[in-house]
Each structure stands twice: as C-alpha cells, then as structure tokens.
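Engineer: Spelled out from the first residue to the last, the chains are:
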Amino acid sequence: MPDDDRIKPTEKELKARRNRSIAIALALAAFVIIVYLGSLMKLGPSLFDRAM
Amino acid sequence: MALVERKHVDGDVGRLSEATAGDFIALLKPRVMSLVVFTAFVGMVLAPATPNPLLAVIAILAIAVGAGAAGALNMWYDADIDAKMARTAGRPLPRGRVAPGEALGFGLFLSAFSVMTLGLMANWLAASLLAFTIFFYVVIYTMWLKRSTPQNIVIGGAAGALPPVIGWAAITGSVTLESLVLFLIIFLWTPPHFWALALFKTGDYARAGIPMMPNVAGEGHTKRQIFAYAVLVAASGVLPSVLGFASMAYGAVAAVLGGGFVWYSWHVLRMADGDRAMGPAKALFAYSLVYLFAIFAALLVDGMISRVGG
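Here the protein sequences come in this chain order: A and B. Take the first sequence: its position 41, counting from 1, is numbered 41 in the working numbering, and each next residue is one higher. Take the second sequence: its position 175, counting from 1, is numbered 175 in the working numbering, and each next residue is one higher.
Isolated chain A (complex conformation) (with noise of 0.2 Å):
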C-alpha cells in the first residue's frame, strides 16, 4: 500500500498522544507503589513470615 493513502497523524495529534502515553505511565506507576505499600501495611511482618 503507497504511503500516501495512510492516516497521518498531525502535530497536535502526536502531541495529545505523548501527554496521554505519560498520564497512563505515571498512573500505572502509581498504582503499582500503592498496591505494594499497601499490602506491606496491610499484611506486616507476615508478609515475610513463611517456611524456608
């Protein structure tokens, strides 16, 4: 298929797309530092307490 019958995205596209792409990273890494210190919180020492 020639280029030219593809989409091409704009400037502001992209650009609306980076800022997207950042907000769900740093959402997702928020949300993985929550579940973890939660669940340190939440369980405590036990967490670490199991047979060897």
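For the record, the hints were derived by calculation from the structure and aren't laboratory data. Cβ coordinates follow ideal geometry from the N, Cα and C atoms, glycine included. Among the hints, erroneous ones may be present.
Residues from chain A shown here face chain B by an in silico Cβ test under 10 Å; the list is partial [said to hold, decoys possible]:
no.	residue
1	I22
2	V32
3	S46
Below, computed lysine-lysine pairings styled on DSS-like, alpha-carbon distance capped at 27 Å [what the hints assert, rightly or not]:
no.	chain 1	residue 1	chain 2	residue 2
4	B	K84	B	K282
5	B	K146	B	K282
6	B	K29	B	K282
7	B	K282	A	K12
8	B	K84	B	K146
9	B	K29	A	K15
With chain A fixed as given, assemble chain B onto it according to the hints.
Structural biologist: Chain B in isolation, oriented as in the chain A frame:
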C-alpha cells in the same frame, strides 16, 4: 468484486484522538470529587478506630477515583443534554475532545479498579458501598430519575451523601447510626442546593428537557420546598451533638450555620415571582456550598479535638 472497495476513510474515522490527560481529568468532575474526598475523610476521622495512615490514604484515593468514575459515566450518558446547557456545554464530550467510547471505557475501568482496590486495602463492606454509590449515581439517577421526575435530585442525592458512610465503613467495617446521620445531613442538603441553582438556570434545564422542580411545579412550589428542606437541614446539622458523638461547641456552630441556611431560604421564599435577577436564589446556592464545607469542617475539628483529648 473486491471485499473492500473504498481505499479512504471519511472524516475523523481512524484518526488519533486529540484528548489530553487534562480532558480525562475533567471527566472525573474534580470539584465534586473534592467534596467527596472531604466528606469521606471526615467520616474516617469520626469513626471510633485508628486506621493505618497509609491504608486510610489509599482508601480515600479509591473513594475519590470511584466518585470520579461515576462522574465520567454520567458525562458519557448525558453528553446530549450537556451540549444544550450553557453550564455544561464546555465539558469534554460536548466539545468533542473525548469520544463517547473513550469516556465509557475510562469510567468502567476506573469503577472496577477503585472498588477492587478499596475491597483489598480496606474491606469489602466499604467496597460494596462504593460500588452501590457508582451504580446508584449512574443507573438510578443519571439514566432513570434525572430525565423522568422532578424528585430526581431528592432521591439521586443519596449517591452524593454516601461518601462519609463509605469512609466510616472503610475504617470500622460497619455502618452505624453516626455514619447515617452524616449521610442524612448531605441527603437533606442536596435538594435546596440544586433547586436554588435550578431557579436561576430554568432556561438551561428547559432547553435540555430536564424536569427540574421549578420547570415542572413552578417557582412558588420550589421556594416552599426549599424552605422546608432548609429547616430539616438545620435540624439534621445539630444531630451529631444531640446524639452525643460531637460536642456542644459543635452543636452551637451547627445551629448558627443552620440558622444561616434557614435565613437565606427565607429570603428565597419571599423573593417576588418573576424576579429575573434571582439574587436570593444565587445567594442561597453560594451559601449552601459554604454550609456543607463548614459543617463538615466543624465536625472534623471537633473529632480531632476529641481524639487528642480522649
């Protein structure tokens, strides 16, 4: 015959979205969310238990995101009528910044994640209440009541009144009389707050075809209803003190604030029919926002003092 005969797509089909993160944040109704966070936090502070601070912050975040998700789903469903009202025409969907499918997916995804997170990090009673709140706001209020009855915000107000109950449940794992009193204060506050707005936005609601009380029953009836609810709001405000889970000092503050609510509502009641400026209605609307913030701030301060003292 080729299966696909057209090589080009029309209009915006297949184009990348121009929506930014800010547009998606606007879908969460940040101003409503801030009130939800505040009232849920007060519910947590008044609860008779001391939570792990980090788990309490996570619970607040989950409640905030759940409330935001409900806002996004509300905007997805109401895009048609939002476009007709000056107050809401600038929202991301009517402006074409966010596609309906994006808003729906965003709202459903955040609803599921917020409920799951609250369940895993706090308890499943609080998570169930959050799920019920989202369901009630989106399905019962937005999809059903809002366009069908002038009692829409009376019944629908239950969704906005639940956050302190969820906050209380997140800490204690129970629903008690005290948390239901917090619910009652917001539940009774909602009708006069929104009817004051509806009085001076009658044209907006008429254009959108929403059967708000002034449009359906007239100004006079609405003003009498506002005054009756204002008296109930003032009475419910002092209940925490009467029932003994807030001090007499709080009771005095609540009585003064409630007196103000009744006073502003009295001016609305005495407002001449056909008064286009609607000064008293605008003043009541502004005061009602101050009232709710002040009454919960007073409860918060009172709760913190009793924690430190007790």
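Engineer: Look at each hint and say if it fits the structure.
Structural biologist: Consistency of the hints with the structure:
Taking 10 Å as the C-beta contact cut-off toward chain B, the hint placing I22 (chain A) at the interface holds, the least distance being around 7 Å. Residue-level restraint check for V32 (chain A) is violated (minimum Cβ-Cβ distance to chain B is 12 Å; threshold 10 Å). For S46 (chain A), the interface hint is violated, the least distance from its beta-carbon to any beta-carbon of chain B being 14 Å, above 10 Å. A C-alpha spacing of about 21 Å is found between K84 (chain B) and K282 (chain B), which places the hinted pair at or below 27 Å, so the restraint holds.
Restraint check: the Cα-Cα separation between K146 (chain B) and K282 (chain B) comes to about 22 Å, which is no more than 27 Å; the hinted pair holds. With a C-alpha separation of about 22 Å, the suggested pairing of K29 (chain B) with K282 (chain B) holds against the 27 Å cut-off. Distance check on the hinted pair: K282 (chain B) and K12 (chain A) sit about 40 Å apart at the alpha-carbon level, beyond 27 Å; violated. With a C-alpha separation of about 15 Å, the suggested pairing of K84 (chain B) with K146 (chain B) holds against the 27 Å cut-off.
For the given pair, K29 (chain B) sits about 24 Å from K15 (chain A) by alpha-carbon distance, which is consistent with the 27 Å threshold.
Consistency with the previously given hints fails for numbers 2, 3, 7, ordered from lowest to highest.
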